[in-house]
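Generate coordinates for the entire structure from the input sequences, incorporating the hints supplied.
Using full-length UniProt numbering, you'd call the opening residue of the sequence shown number 1 and step up by one each time.
In short, the hints are calculated from the structure, not lab data. Hints may contain errors.
[Said to hold, decoys possible] Computed spacing ranges between beta-carbons, pair by pair: (1) T8 x T60: 23 to 29 Å; (2) V66 x N12: 30 to 36 Å; (3) I48 x G20: 28 to 34 Å; (4) K63 x V21: 26 to 32 Å; (5) N4 x P28: 28 to 34 Å; (6) T16 x Q69: 16 to 22 Å; (7) T11 x Y54: 21 to 27 Å; (8) L58 x Q17: 28 to 34 Å; (9) N4 x T62: 34 to 40 Å; (10) T11 x E33: 22 to 28 Å.
Note that the Cβ used here is the ideal one computed from N, Cα and C, for glycine as well.
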Amino acid sequence: MVNNLPITTSTNGYQTQSQGVDTTHSLPSLTVEFVLFVLDCPYNLLSIHCLSQYFDCLITFTKDIVTLQERSLGWITC
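Right, dumping it as structure tokens:
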């Protein structure tokens, strides 16, 4: 059973139980560990706080793009 996994709440208040934790390979150069799998969610969800801590990076959002600035590698754009 997945009782120890968190419940995810969206901005409209909809709540659903997380189904698991996994690793995702969003790009060949970007692997993210400890991603929550939420069966009923139509979007990919990442914790910005966890992402910035894991990669030790600065994350910038604009209208069309998300940019990660990792300290040792420079700019990585997703």
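Given the hint of 26 to 32 Å, is the C-beta distance from K63 to V21 inside that range or not? For V21 against K63, whose Cβ atoms are near 31 Å apart, the range 26 to 32 Å holds.
Using the C-beta atoms of N4 and T62, is the stated range 34 to 40 Å upheld? Since N4 and T62 have Cβ atoms about 37 Å apart, the given range 34 to 40 Å holds.
Given the range 28 to 34 Å, decide if the beta-carbon distance of N4 to P28 lies inside it. holds (32 Å)
When you take the CB atoms of T8 and T60, is the distance between them in 23 to 29 Å? holds (24 Å)
Do the Cβ positions of L58 and Q17 conform to the proposed distance bound of 28 to 34 Å? holds (32 Å)
A range of 16 to 22 Å was offered for this pair. Does it hold for the Cβ distance of T16 and Q69? violated (32 Å)
Should the hint that I48 and G20 are 28 to 34 Å apart at their CB atoms be regarded as holding? Roughly 21 Å apart at Cβ, these two residues miss the hinted range, so it is violated.
May I ask you to test the hint 21 to 27 Å on the CB atoms belonging to T11 and Y54? Cβ of T11 to Cβ of Y54: about 23 Å, so the range 21 to 27 Å holds.
How does the Cβ-Cβ distance of T11 and E33 compare with 22 to 28 Å: does it lie in that range? Because 25 Å falls inside the window, the suggested range holds.
Is it true that V66 and N12 lie within 30 to 36 Å of each other by Cβ? Given a distance of about 22 Å, which is not inside 30 to 36 Å, the answer is violated.
Hint violations for this structure: numbers 2, 3 and 6, all remaining hints satisfied.
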